[in-house]
Amino acid sequence: MARPKVSPSEKRSLKITFRVTEKQRQRLLALADSCGTKPGDLVRTKIFKGHFPATRLPKIDEDTYVELKRIGVNLNQLTRHANSGKFPFGIDKTLAVLLRQEEKILRLLLKDDSGSEDR
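The sequence shown: position 78 = 65 (my numbering), numbered continuously.
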């Protein structure tokens, strides 16, 4: 099946080139890769829409998924106890441990963020 025809006014027929340093080129390629686009599409989106395209979320590996599931189960149990009026001894320590685990996992998941000021 052929691509649909584009009107002449919407057809990208002009080419613009600009120079960058090797470091800037690598950064542009990395950012385009993290967004799942080509560098040209990335630049067009930023210039004409005013923001970068949304980055693809990294796939969570199985160990991270298992850890998140454990935390969810623990939180559900603690919530059930809290809503029933029962507060087990040492719950504050358990909640602090869970909070640290959650922060650690979030840091790991967000570690690959490009750190762009637009995000």
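Hints may contain errors.
Quick list of in silico lysine-lysine cross-link-like pairs, DSSO-like style, CA-CA up to 30 Å [as the list claims (entries may be wrong)]:
hint, residue 1, residue 2
1, 36, 56
2, 98, 33
3, 91, 80
4, 56, -8
5, 73, 33
6, 98, 10
7, -8, 10
8, 33, -8
9, 98, 25
10, 98, 36
11, 10, 33
12, 25, 10
13, -2, 36
Here are the computed distance ranges between Cβ atoms for each label pair [unchecked claim]:
hint, residue 1, residue 2, range
14, 64, -8, 56 to 66 Å
15, 89, 43, 53 to 63 Å
16, 74, 52, 50 to 60 Å
17, 20, -7, 22 to 32 Å
18, 37, 63, 50 to 60 Å
Calculated from the structure, these hints are not laboratory results.
The C-beta atom is built at its ideal place from N, Cα and C for all residues, glycine as well.
Do the hints match the structure? See the list:
1. 36 / 56: Since the Cα atoms of residue 36 and residue 56 sit roughly 38 Å apart, the hinted pair is violated (cutoff 30 Å).
2. 98 / 33: Holds, at about 23 Å.
3. 91 / 80: 17 Å, holds
4. 56 / -8: Outside the cut-off at roughly 48 Å; violated.
5. 73 / 33: Status violated; Cα separation ~53 Å.
6. 98 / 10: Distance of about 20 Å is within 30 Å: holds.
7. -8 / 10: 38 Å, violated
8. 33 / -8: 25 Å, holds
9. 98 / 25: Answer holds: residue 98 to residue 25 is near 22 Å, not above 30 Å.
10. 98 / 36: 26 Å, holds
11. 10 / 33: Distance ~19 Å between residue 10 and residue 33 Cα, so the pair holds.
12. 25 / 10: 17 Å, holds
13. -2 / 36: Holds, at roughly 18 Å.
14. 64 / -8: 56 to 66 Å: 60 Å, holds
15. 89 / 43: 53 to 63 Å: 22 Å, violated
16. 74 / 52: 50 to 60 Å: Because 30 Å falls outside the window, the suggested range is violated.
17. 20 / -7: 22 to 32 Å: 26 Å, holds
18. 37 / 63: 50 to 60 Å: Violated - the Cβ-Cβ distance for residue 37 and residue 63, about 41 Å, lies outside 50 to 60 Å.
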